[in-house]
Amino acid sequence: MKTVNHKGWYFVAPVLVLVAFNALIPMMTVVNYSVQETFGDNVFFWEGLTWFEQILRSDRFHAALGRQFMFTALILLIEVPLGIAIALSMPRKGFWVPVCLVTMALPMLIPWNVVGAMWNIFTLPDIGLLGYFLNHTLGINYDMTQDPVAAWVTIITMDVWHWTSLVVLLSYAGLVSIPDAYYQAAKIDGASNWAVFRFIQLPKMKNVLTIAILLRFMDSFNIYTEPFVLTGGGPGNSTTLLSIDLVKIALGQFDLGPAAAMSLIYFAITLLVSWLFYTLMTKDDQN
Amino acid sequence: MQKRSIVPIVYILFLLLPIYWLVAMSFKTTNEILAGFSLFPQTFTLENYATIFTDPSWYWGYINSILYVSINTVISVCVALPAAYAFSRYRFLGDKQLFFWLLTNRMAPAAVFALPFFQLYSAVGLFDTHLAVALAHCLFNIPLAVWILEGFMGGVPKELDETAFVDGYSFPRFFATIFVPAIKAGVGVAAFFCFMFSWVELLLAKTLTAVDAKPIAATMTKTASSAGYELGLLAAAGTLTIIPGAIVIYFVRNYIAKGFAMGRV
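Chains A and B, in that order, give the protein sequences. If you're matching positions, the first sequence starts at 1 in the working numbering and goes up one per residue. If you're matching positions, the second sequence starts at 1 in the working numbering and goes up one per residue.
Think of the hints as simulated: they come from the structure by calculation, not from any bench. Beta carbons: idealized from backbone N, C-alpha and C, even for Gly. Hints are not guaranteed to be accurate.
These stretches of chain B come out as covered by chain A in the derived footprint (C-beta under 8 Å, 3 or more residues) [said to hold, decoys possible]:
hint, region
1, 16-23
2, 29-39
3, 73-80
4, 90-98
5, 131-144
6, 192-202
Each computed BS3-like pair below joins lysine-lysine, with the alpha-carbon atoms no more than 25 Å apart [said to hold, decoys possible]:
hint, chain 1, residue 1, chain 2, residue 2
7, B, Lys184, A, Lys204
8, B, Lys206, A, Lys248
9, A, Lys206, A, Lys187
10, B, Lys96, A, Lys283
11, A, Lys2, B, Lys96
12, A, Lys7, B, Lys158
13, A, Lys206, A, Lys2
Next comes chain B alone, as it looks inside the complex:
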């Protein structure tokens, strides 16, 4: 054990403490939580989780969230791939301006857009659908996906394209069978970031849904207020929102570090 590994260890402990507290609370009854301080659950209970997994208004929140996040990730990566290719390989009229404009869309405060988004998606008849949230999240995810993928594509030598065309590959075939597999680490990283930012965003998701597509994070705020202050239930629901992200990051753990280093990002 080297001396300098103290720093990451202390940092990781600091990260895990609030998460531990959330998980510990989720195994307590609400009465025990309110009765006083205890470091470990005294009366270990799974009741909070049982409530969530048996009540449709709870577990549908998870299904809704996972559905719109997945749709968003697929749309964002699919449309960002050709665009990133164009930015990385071609110079065309207004390309730099367009790239900066795309990035500016991350800068608009979501709070600004809440009301206009509600009006827009109501007008086109998509209000309270998974597609509406997925499309709305494209606003900040597509620019990010283009940015990341462009970085990765810059790391692929142009000779790859030229050789493939000399060998008689058509563009779509080259793109799908040679180019995309060559940057699959980049696709993984881009998909991870799209998943992450769509999963954690609440303001737009909450504004654009009412019942049928309501995300879990919004379910939490409503149920917490209507059923009094059910801390145990809230903690269990919160704990469950960490799990999908943890699974996704486990799959892309090797790409993350390698990925960023490869690109020009």
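Just chain A, same shape as in the assembly:
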């Protein structure tokens, strides 16, 4: 049992100060922009909720949001089962464990724009390894700067390459925490592989999977650098995800008001989905 001790606030004070400095002040700036119009020179006019209405009604926002949800749903559907499957088939002990862990973690430690640049040169039709192989060896006409489908396949593959290891590492950590006695008991009961997975491994992985899925949701929903470097949002607008569109409005067109309103709506959606998810996943613990 935890003791009630309001001195806990002294312990969290440094964290509070640092995070609040970084979170609240910029957030207030964004709120400030979102209700005003500016023509430069630091002159602002009160606009009320005009920008919010405009964004919520704009087709462009709906389209970007739709693409964003599709992207996040696709990568979660691929990365989570794939990550679990890989974690299940990894060795539990011995020489190969650290080898697997180190090589699998490698993609996550590469700066995001390098990831984008790397996949760019990897998929160039005539001089990239994958692009050359698809076009010249298999004879598939593949050029992601022309074909929206190819562009989508490429950004999804890139994200799977980049982040599946996070799910693998976390699931693996959950798996190795299962005592051998559990497996022995299952063997005595004559449980099938599926039953072992469903009633022993999956429940033990639940907590780490919650973290993995939450992190993957938040990060993929906010993804910016990698697809921007890889496709620049194109061809056309086909891979313009929400944050790419946001930066276009904010820094490309310098429409600070609409961009700020869009950021707040964006943030609210992320928050809402994460909260729903968090509540659903942790509901059983409370009962």
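For this one, chain A is given, so just place chain B on it according to the hints.
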């Protein structure tokens, strides 16, 4: 060799292919790259690396990145330790709300914060310093460090604290000499994640720096555009950005798996 080890082997090959391509390109001349497809470097050259290690505008990028990442990791872990202790041991007014609020800071798209961050750090006179990037990255690293450390601390029995206090340890002495060593695997994992997310982030780091603290990843984008399309140089610089992360993960390889399993995470 068991049948099921096929899966990790195929996966690792898939992970290594694009990395191989980057490394192979870094040993080619730009002319060879543009001339056509070749699986291995035909004219093996170290020229790209030589350029990076002799040109200050390149190698300072690495030094800058390593500096702000290190500062960030130290700050994040140091302030997260006492906070995680409070969350794991005490109940206080608003603790749950505070914890969730900390986590929400990972959810704000960095793209949203770029401009306000620029204004904020210019206003306090920290623009283009390593400290500015280190502090800005605290936004998403501190919540993560608190989350991870809290999980580890939950795995340490409360009796440890009580015994130490009965033995006459003061709180700071107990914390520094008994408690922190007891969760050193957790400190390692938290430090690893702080290092990782600070090392890979570019948008804020680029926004908050101009010359003196410019990170390597930003140097890459600028030089690539001003010097034409120097693919070989770009590949060499990219290859070098993988190395610090690889070194760090090698040191914490045993903690990662054990670490997560220990905590309540």
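Going through the hints against the structure:
Three residues within the 8 Å Cβ limit are the bar, and the region 16-23 of chain B against chain A gives 7, so the coverage statement holds. With 5 residues having a beta carbon nearer than 8 Å to a beta carbon of chain A, the region 29-39 of chain B meets the requirement of three or more and the stated coverage holds. Only residues whose C-beta sits within less than 8 Å of a C-beta in chain A count toward coverage, and the region 73-80 of chain B has 3 of them, enough to reach three; the restraint holds. With 6 residues having a beta carbon nearer than 8 Å to a beta carbon of chain A, the region 90-98 of chain B meets the requirement of three or more and the stated coverage holds.
Beta-carbon proximity to chain A at under 8 Å applies to 6 residues in the region 131-144 of chain B; the threshold of 3 is reached and the given coverage holds. Requiring three or more residues with a Cβ within less than 8 Å of a Cβ of chain A, the coverage given for the region 192-202 of chain B holds, as 5 such residues are present. A threshold of 25 Å between alpha carbons decides the hint, and for Lys184(B) with Lys204(A) the separation of about 24 Å falls inside it, so the pair holds. As the CA atoms of Lys206(B) and Lys248(A) are separated by approximately 17 Å, the hinted pair is consistent with the 25 Å bound.
Between Lys206(A) and Lys187(A) the CA atoms are separated by roughly 22 Å; this keeps the pair inside 25 Å, and the hint holds. Between Lys96(B) and Lys283(A) the CA atoms are separated by roughly 15 Å; this keeps the pair inside 25 Å, and the hint holds. Using a Cα cut-off of 25 Å, the hinted pair Lys2(A) and Lys96(B) holds, with the two alpha carbons roughly 13 Å apart. With a C-alpha separation of about 17 Å, the suggested pairing of Lys7(A) with Lys158(B) holds against the 25 Å cut-off.
Distance check on the hinted pair: Lys206(A) and Lys2(A) sit about 24 Å apart at the alpha-carbon level, within 25 Å; holds.
Violated hints are absent here; each numbered hint is respected by the structure.
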